[in-house]
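*Asks:* Next come the chains, spelled out residue by residue.
Number of protein chains: 2
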Amino acid sequence: MSKELRFQLGDYPSSVIIQENIPRLEELYPGAGEGGKDGGPGALLVCDENTAPLARRVSGDLPLTTLPPGEEHKGWKAVETILRDARRGGLGRDGLFIGVGGGAVCDLTAFAASIYMRGAALRLIPTTLLCVVDAALGGKTGFDLGGIKNLAGTFYPAERIVIALEALETLPPREWKSGAAELIKAAVLDGDAAFLERLQRPFTGPGGTPSSLEALVPLLERALTVKGRIVEADPREQFDGETGGGRILLNLGHTFGHALEAALGLGTISHGEAVAWGLARSLDLGAALGITPPGRETAIREVLEAWGYETAVPYPGGDAGFDRRFREALENDKKKKAGKPRFVVPGARGARVVPWSLEVEACLYSLLSKR
Amino acid sequence: MSKELRFQLGDYPSSVIIQENIPRLEELYPGAGEGGKDGGPGALLVCDENTAPLARRVSGDLPLTTLPPGEEHKGWKAVETILRDARRGGLGRDGLFIGVGGGAVCDLTAFAASIYMRGAALRLIPTTLLCVVDAALGGKTGFDLGGIKNLAGTFYPAERIVIALEALETLPPREWKSGAAELIKAAVLDGDAAFLERLQRPFTGPGGTPSSLEALVPLLERALTVKGRIVEADPREQFDGETGGGRILLNLGHTFGHALEAALGLGTISHGEAVAWGLARSLDLGAALGITPPGRETAIREVLEAWGYETAVPYPGGDAGFDRRFREALENDKKKKAGKPRFVVPGARGARVVPWSLEVEACLYSLLSKR
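As you go down the protein sequences, you meet chains A and B in turn. Position 35, counted from 1, in the first sequence is what my numbering calls 35; the numbers after and before it change by one each time, with no gaps. Position 247, counted from 1, in the second sequence is what my numbering calls 247; the numbers after and before it change by one each time, with no gaps.
Next comes chain A alone, as it looks inside the complex:
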């Protein structure tokens, strides 16, 4: 089994291949194995401590950069480590960076590749559901700075993303739950309601894992197609979103979710849990503004609850400074325009962008202060 989805993201072709096994180096980039020092363009594998064994399967001979795992290490220091190792490995401008891991490894590897000699070759092998469904595709790279998620980054799509199902076999239940939030987001954005219906029944394997990876493939394809089409239409996120469409739609659940992550401290909860909580907030706002019809609001809430996501306001366990930090983070959202954040809320079908207004502010105030 092997499937390929091809996208054109601005200047960059980007394809996603879904297959059983971890690809070997020659599949990823013929000729890369010759090595930078010895006359070839050179290649570098980047992974974290959890994915090192998978990365070694791509090639036993390449230099390997092993990063400390987790969002809390997704800073400049990790980028610098990758760049120095690439240099030490003798990679030229035509050299290859291969990221094997979750969102942090993929974002960091892609960022490093995008700035190494102003842009080297890039392949990604995502190893978490979250990264498979969301982070690997779309060209966004980045790292955290000053406590702000992805404050620095570039637009640099991987030419090839290989989703190897065997890499997902040993994922713990927590990772499946985290990634499922992005599947739900894609289903809400999808024009076709059938996708959301399929997600009303959570993964039914042990502890909330999928009962079979094969059964997962159509869901992945659908979610990637939804995302890929949105990115193709607006690769660099230049649409203002208010005229419909645009990459900002992918921010559904994220404006609130990022603020939650910032207020709790980066790395305290998984990105997916934050997005699911943010989705619930976007339902609150959409319903209060009369944009999300009651039937749709209920359908989406039921899916979030079926998966067991925390959706309460305020978020349980926040300390005394939580409200202030949350509000500050929300007001400093990266996607703000003319100094104000914008919100994406589910509509009757798909989702809509809501610019800041006094009405939005009043709704937010009453939603966030209810206790």
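Some hints here could point you the wrong way.
Copies of the same chain look alike in the list, so a pair counts if it fits in one copy or across any two.
20 Å max Cα-Cα, derived SDA-like pairs, lysine to any residue [unchecked claim]:
#	residue 1	residue 2
1	K77	S2
2	K340	S357
3	K340	G119
4	K77	A306
5	K340	E214
6	K77	G146
7	K77	G89
8	K3	L368
9	K340	R88
10	K340	R324
11	K77	N150
12	K340	G89
13	K77	I148
14	K340	P30
Everything labelled a hint here was simulated from the structure, so no lab data went into it.
Once you've looked at the hints, dock chain B against the given chain A.
*Replies:* Then chain B, alone, in the frame of chain A:
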């Protein structure tokens, strides 16, 4: 007096305006003055200790980042300072970065703008001849890492570059000499021999400065047009150069020049002095390979000598490890392809790219070991 040269560099329009005075903020970006914290997109001025008074002329109200001057401070730390100040100033994704300074300030500001929230607005006001003629136009941004010049960077053209002649009034003779090397390079690349002829008479003002800034304008225009056309044809330097044209032509004198800078230690000599020395080496190689006709070789050497550039081999004053470091730097050149550096040498007209070969290696060996 005001002139505008417009270029389209891949996806990015980029225009150069030559005018008398430092532009005011409103000329650069209407509306930017409203400030990030108060609802506007926000703007940040970046300069170094030498150019701070000029930067303040753009706007007295904007936040100002003052970097330590010089190539030796062109590292990640400076980039991080700019990004943190932008964040502190409340700049959004639609915020504006304005770089006022020489090559280091412009490269750093442009790099920071290119990665801030994955790309903010950018204007440059170059204040050295080198930056006016070369660094500000063309979209190359970057900083030094691990002792390698611009090891990290992006392609991100400024939408508007304003060359304000008054900013050049107080430049010391050393800066004019440094920048003139890029003028000479542009003249060698130019199809029209008249440009090189005009440079056979150096600047005739006090100490080697131009006798009048007005008289400089046609030279700047010509050099910018030569560069702009080459970049328009190959914005991301993807041509291999062996089929003619391509951005790599702009590397004339730079393969050797960068290796000289690396071997002496970054910042020991000016970039322009290194490029001029590298131009002399490319003449050695072009002549030895029979690519540079004797008459042209003589004409270019005469210009280099008229300007008083050091062109001797070995470079005077190098220590015992110089030869080894120079050779290592040359072999690790960023522009190498399949593990080998390439060279640009003057032809009968313009310049040509010479790939690595045993013949090139033999020529290089005999040139570089002659003492």
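*Asks:* Determine for every hint whether it applies to the structure shown.
*Replies:* Structure-based check of all given hints:
1. K77 <-> S2: Neither way: K77 and S2 sit 36 Å apart in one copy and 45 Å across, limit 20 Å.
2. K340 <-> S357: within (9 Å within a copy, 58 Å between copies)
3. K340 <-> G119: Close across copies (18 Å), not inside one copy (33 Å); limit 20 Å.
4. K77 <-> A306: Classified as neither; 39 Å inside a copy, 47 Å across copies.
5. K340 <-> E214: neither (43 Å within a copy, 45 Å between copies)
6. K77 <-> G146: both (13 Å within a copy, 13 Å between copies)
7. K77 <-> G89: Only inside one copy: K77 and G89 sit 18 Å apart there, 24 Å across copies, limit 20 Å.
8. K3 <-> L368: neither (44 Å within a copy, 54 Å between copies)
9. K340 <-> R88: Classified as between; 16 Å across copies, 44 Å inside a copy.
10. K340 <-> R324: Within one copy, since 17 Å is at most 20 Å while 56 Å is not.
11. K77 <-> N150: both (14 Å within a copy, 18 Å between copies)
12. K340 <-> G89: This pair counts as between: shortest inter-copy Cα distance 14 Å, intra-copy 45 Å.
13. K77 <-> I148: Both, since 15 Å and 18 Å are each at most 20 Å.
14. K340 <-> P30: Between. Shortest inter-copy distance 19 Å satisfies the 20 Å Cα cut-off; intra-copy 47 Å does not.
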